[in-house]
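From just these sequences and the hints, can you work out the full model?
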Amino acid sequence: MNLSVSELVRSIKSVLDSQPHLQRVKVVGELSNLTKHRSGHWYFSLKDDKARINCVMFASYNQAVSFVAEEGQQVVVTAMTTVYVGSGQLQLVCSTMALDGEGALYQQYLELRDTLHKEGLFSPQFKQPLPSYPQRIGVIAGHQSAALADVLKTLESRWPLATVVVYESLVQGPKASEQLLTKLQ
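Residue numbers for the sequence shown follow our numbering, beginning at 1 and rising by one.
Just so you know, the hints here were simulated from the structure itself, not pulled from any lab data.
Note that the Cβ used here is the ideal one computed from N, Cα and C, for glycine as well.
Treat the hints with care, since some could be wrong.
[Stated by the list, open to error] As a list, the in silico BS3-like pairs of lysine-lysine whose alpha-carbon atoms are at most 30 angstroms apart:
#1 153 with 50
#2 47 with 183
#3 26 with 50
#4 183 with 118
#5 36 with 47
#6 47 with 118
#7 26 with 47
#8 47 with 13
#9 36 with 26
#10 127 with 153
#11 153 with 183
#12 127 with 175
#13 118 with 175
#14 36 with 13
#15 50 with 175
#16 183 with 50
#17 175 with 153
#18 127 with 183
#19 153 with 118
#20 47 with 175
#21 153 with 47
#22 26 with 13
#23 36 with 50
#24 36 with 153
[Unchecked claim] Quick list of the computed label-pair ranges, beta carbon to beta carbon:
#25 50 with 150: 20 to 30 angstroms
#26 173 with 120: 22 to 32 angstroms
#27 161 with 15: 43 to 53 angstroms
Following this line, the structure appears as structure tokens:
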């Protein structure tokens with residue numbers, strides 16, 4: 001039996017929606033990619049060091065949030081697990097959000113930024129001007145990653161005259177930083 005994409009996604013959504021233990025879950029994670037839409041809805045991701053999930057919190061619910069939601073905060077949400085049919089992506093539809101401390105990943109980022117700033121690495125003397133019309137562009141990305149495909153597609157549409165050189169590297173995990181540094185050199 002052949003299924004259309006929409007039939008398959010609706011079937012997956014139906015199975016997921018029929019699981020009572022997934023209809024009201026509490027999830028702890030770090031707020032990431034927070035977008036507050038003009039409709040009042042919030043779109044964001046919750047992440048930890050191993051995974052990420054997309055979330056939505058409709059305006060009627062986020063009005064009850066008692067703090068200013070910001071990138072990097074550690075939060076606890078109460079949510080329903082579902083599949084957004086339009087994209088086929090798993091997501092959480094959040095009904096409550098509470099602050100649970102500042103996210104560890106964001107804190108690491110801030111500490112690194114402060115360290116680099118103290119070393120003077122953000123000062124103008126270290127910045128090199130970018131060419132107006134680059135002839136050669138280097139990209140470091142994971143092998144056959146979606147990010148690489150997106151970058152190549154964007155470069156092809158915006159600057160097709162540039163030569164693109166791809167350097168494949170691990171981008172996650174314990175060996176990623178070593179490989180990324182090697183590719184940068």
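Outcome of the hint check:
1. 153 with 50: Given pair residue 153, residue 50 holds - Cα atoms ~27 angstroms apart, limit 30 angstroms.
2. 47 with 183: holds, 27 angstroms
3. 26 with 50: Given that 30 angstroms is the threshold and the Cα spacing comes to 18 angstroms, the pair holds.
4. 183 with 118: holds, 26 angstroms
5. 36 with 47: Distance of about 18 angstroms is within 30 angstroms: holds.
6. 47 with 118: Between residue 47 and residue 118 the Cα gap is close to 29 angstroms, so the pair holds against 30 angstroms.
7. 26 with 47: Satisfied, since the Cα-Cα distance of roughly 14 angstroms is no more than 30 angstroms.
8. 47 with 13: Given that 30 angstroms is the threshold and the Cα spacing comes to 22 angstroms, the pair holds.
9. 36 with 26: holds, 22 angstroms
10. 127 with 153: Given pair residue 127, residue 153 holds - Cα atoms ~27 angstroms apart, limit 30 angstroms.
11. 153 with 183: Roughly 22 angstroms separates the two Cα atoms, so the pair holds.
12. 127 with 175: This hinted pair holds, its Cα atoms lying about 28 angstroms apart.
13. 118 with 175: Answer holds: residue 118 to residue 175 is near 27 angstroms, not above 30 angstroms.
14. 36 with 13: holds, 26 angstroms
15. 50 with 175: holds, 15 angstroms
16. 183 with 50: holds, 24 angstroms
17. 175 with 153: holds, 28 angstroms
18. 127 with 183: holds, 20 angstroms
19. 153 with 118: The given pair, whose Cα atoms are some 37 angstroms apart, is violated under the 30 angstroms limit.
20. 47 with 175: holds, 21 angstroms
21. 153 with 47: holds, 27 angstroms
22. 26 with 13: holds, 20 angstroms
23. 36 with 50: Within the cut-off at roughly 25 angstroms; holds.
24. 36 with 153: Distance of about 27 angstroms is within 30 angstroms: holds.
25. 50 with 150: 20 to 30 angstroms: holds, 23 angstroms
26. 173 with 120: 22 to 32 angstroms: Given a distance of about 30 angstroms, which is inside 22 to 32 angstroms, the answer is holds.
27. 161 with 15: 43 to 53 angstroms: holds, 48 angstroms
In summary, the one numbered hint that this structure violates is 19.
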